[in-house]
Amino acid sequence: MQRELLKFALFAALVLVVAPLYFQGGYILNVLVFVGINTMLAIGLNLLLGFAGQISLGQAAFYGLGAYVSAILTTTHGFNPWLAMIFAALAIGALAFVIGFPILKLKGHYLAMATLGFGIIVYIVINEYVDLTGGPSGFPGIPNLSIGSFSFDSDMKNYYLIWGATLGVMLLAINLARSRIGRALRAIHDSEVAAQVLGINARLLKVQIFACSAMISSLAGSLYAHYITFVSPSTFGFHFSVELLTMVVIGGLGSIYGSFLGATLITLLPEILRTFHDYDIIFYGALLMIMTIFLPGGLIQGGTLAWNFLRKSWGGKGGADA
Amino acid sequence: MNLTDQLTQYILSGLSTGAIYALIGLGFAIIYNSTGIINFAQGEFVMFGGMLGVYFFHKQGLALPIAFLLAVVVTALCGVIFERFAIRPLRRPTPMNMVIITIGGSIFLRGVAMIAWGKDTHVLPTFSGDEPISFAGATLLPQHLWIFAITILLIIGTKLFFSHTISGKAMSACAVNRRAAGLVGIDVRRMIMFSFILSSAIGAMAGIIIAPLTMTSYDVGVMLGLKGFCAAIIGGMSSGLPTVIGGLLLGVLESLGAGFSSGYKDAVAFVILLLILFFRPQGLFSRGSSERV
Chain G
162 MQRELLKFAL
172 FAALVLVVAP
182 LYFQGGYILN
192 VLVFVGINTM
202 LAIGLNLLLG
212 FAGQISLGQA
222 AFYGLGAYVS
232 AILTTTHGFN
242 PWLAMIFAAL
252 AIGALAFVIG
262 FPILKLKGHY
272 LAMATLGFGI
282 IVYIVINEYV
292 DLTGGPSGFP
302 GIPNLSIGSF
312 SFDSDMKNYY
322 LIWGATLGVM
332 LLAINLARSR
342 IGRALRAIHD
352 SEVAAQVLGI
362 NARLLKVQIF
372 ACSAMISSLA
382 GSLYAHYITF
392 VSPSTFGFHF
402 SVELLTMVVI
412 GGLGSIYGSF
422 LGATLITLLP
432 EILRTFHDYD
442 IIFYGALLMI
452 MTIFLPGGLI
462 QGGTLAWNFL
472 RKSWGGKGGA
482 DA
Chain W
2 MNLTDQLTQY
12 ILSGLSTGAI
22 YALIGLGFAI
32 IYNSTGIINF
42 AQGEFVMFGG
52 MLGVYFFHKQ
62 GLALPIAFLL
72 AVVVTALCGV
82 IFERFAIRPL
92 RRPTPMNMVI
102 ITIGGSIFLR
112 GVAMIAWGKD
122 THVLPTFSGD
132 EPISFAGATL
142 LPQHLWIFAI
152 TILLIIGTKL
162 FFSHTISGKA
172 MSACAVNRRA
182 AGLVGIDVRR
192 MIMFSFILSS
202 AIGAMAGIII
212 APLTMTSYDV
222 GVMLGLKGFC
232 AAIIGGMSSG
242 LPTVIGGLLL
252 GVLESLGAGF
262 SSGYKDAVAF
272 VILLLILFFR
282 PQGLFSRGSS
292 ERV
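One line per chain: the protein sequences are G and W, in this order.
Numbering-wise (the numbering used here), the first sequence opens with residue 162 and increments by one.
Numbering-wise (the numbering used here), the second sequence opens with residue 2 and increments by one.
Please keep in mind that the hints were generated in silico from the structure rather than gathered at the bench.
Treat the hints with caution; some may be incorrect.
[Stated by the list, open to error] Below, simulated DSSO-like cross-link-like pairs (lysine-lysine); rule was C-alpha separation at most 30 Å, straight line: (1) W/K266 / G/K266; (2) W/K266 / G/K268; (3) W/K170 / G/K268.
Predicted model, so just to flag it, every value in this text is computed and none were measured.
Same shape as in the complex, but just chain W:
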């Protein structure tokens, strides 16, 4: 294997993990835009998706597509319950309270998963076989193609949702100005609920499609969530293309970093996170806006 082939290999596998980060980042951005909350429990939704997929497939013996669907629905339900009982009751939400509550929520959800499914790592079968595919000197698994396909579909889907449906437009309105959205008759509470449903469902799907490649266990959510957040930060918290590009960029950089030293692989994402926060907190692709007092 020569250097270019190796590079292609790294970039391709980086793009597939990057796609996962992009999906998780979208989840962060959707909730942030409608509520102003950074949901630290986002990674746990991803973990729940993967673990529920394993549960419905292996324990209940359901067909994979049905297990996939059920896992997404149940995770979305968890998202609703979380919003209703942890986020909504807070009378005077401040960023600090919200950080603490969502961290509490993530610990709680992780604990539930640990008790329900134990501390072992679980694996899902790949969606369509393990026959490797050669591509431009590198090898891909069919699962990689599934990841790309589902990610692209989801991104197009959310794009259409936000620009062509009444609910999507109402959510965008909440993102711009919650109060004004309320004044023109948008049920802001319902939109917040929607945003939790949407982002937990997207997170769950990310968790399921990555599970056949990286395996899953009760504690995978922390790292995945944080890296998804990095993606969203690179994209300036936009719930569209910039976050997706941020995720892909992060995935590729991390994969190249792992080529140099696998031990420091996880540090790459956080160094990038700090650099972006220090120098371009508005994201890599947008101009800064002035601060309102």
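Chain G with its partners taken away, still in its complex shape:
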């Protein structure tokens, strides 16, 4: 645990001190804020997918619901943004809890399709319920978050706000992984029947982690809405659920820092591939397939393998604790 905390502190220092000093505002900082939001979302999905082994292709729906609930409550009804954010997370967590029971009874492909169906229904409702959401043309004029007279209105301020929240979620996930619940989730991942035989209430636990991941997504959605001050349905479609899945898989299932790596890569990729324009969709698809076939453990595993290989070839004996 000590080593784990040290690793986390090092990471937090890197994110909160080094990165903002290095990229004094501007475009890159804006991209890094999105890395933060996506890391949070990827960790939320990773809790479900990497720990409990339950796939969800509807994460974008929770993200979108969080953003829209925050937007509507603050802008249309004049709620305090912080209150609206908490309310959104609780309401969406409750929703996920309720639909979680029938959905998580399903397994494998069926689970994938059910969550996907849910995601598409939410997307259609956001698009069609124009009176409430503004429909396809979007929802403008969402206020920035503020404490007293201090408003989070610049990229730099939002960088700290959003990365603060993301680091909080990371810490939560790291602790969760090493707790009794984390072990129970991994047991469910390996064999649900065996876990139940050991006295784990698998059904309830799966639903709880589903709700927890929905709440994290909702929180990310609220932060996004208050940062950009504009939301539109196209951000929260099926392709974003797939993008999130890609982040988690490419980073490494069940690895918190892997989710960060995956989110960073997928967020930066469009910026890097900008010169290739439309070809990035092909690259995406190929990456997803190649990674699953050749490196099912993700970037994190790839990094560990490479590190052990280097140590072995230079140190002669090494690789003892691999």
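Chain G is fixed; fit chain W onto it per the hints.
Frame of chain G; chain W shown alone:
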């Protein structure tokens, strides 16, 4: 137009889209039964069929029947390549890996189509004119009849294939138990390959016969694929009649739903999907079986 006529109209047009869903659903079921994989790229085969049809007809100036045939053959070839290079290399397939790989494959294929043929929507001419036909107070296009005819032929064809040919029977055996099928000397790998050929070809045909009515573009595959999957789920993943009935049912319900509110039309299929998955995951027409641990 009175209410009954309107209803007939909705049901007839629902049946024709339903026939398309049925064909796509059959494609899902055939692959699922021989491999245990839900092929998320199934919709892309449908899109490829339509787009290749457009390409061979408009760009290469071939006669429609030849364009049709070529489009089906090339799509089937894509199915083989996809199976060989994306599905087979996986050493330890789990449902999750397969979901991710086939999603990756579908994104890849969509990207290829986008780059090859652009983002525009394309249209194929109807197979035999646009003269509307009156039928029981509703109007039909000749293309609707083509859709019904080709669907019926394909369904009878697959039925005969599965029950009367050695390969078809071998594939059915794989569906029941892959390992046992392997033990009695069936080349399971080849059967998996066959199932990809068959379902991509059927998907391609569905894509071509619907293209004159709904137009086609590089991104039509997602929705068509998902709705085809709904059809297969309603039919309990059977590669026969239940899936066909599931497709027709879905088409009609969707068409009636569109009569009430066109914006929520697409949601109908997914609400049905969720309801079926929640309450009757074994399909609408079969009894549940117990789970093996």
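We went through each hint and held it up to the structure:
| no. | hint | verdict |
| --- | --- | --- |
| 1 | W/K266 / G/K266 | holds (27 Å) |
| 2 | W/K266 / G/K268 | holds (27 Å) |
| 3 | W/K170 / G/K268 | holds (29 Å) |
When each numbered hint is compared with the structure, no violation occurs for any of them.
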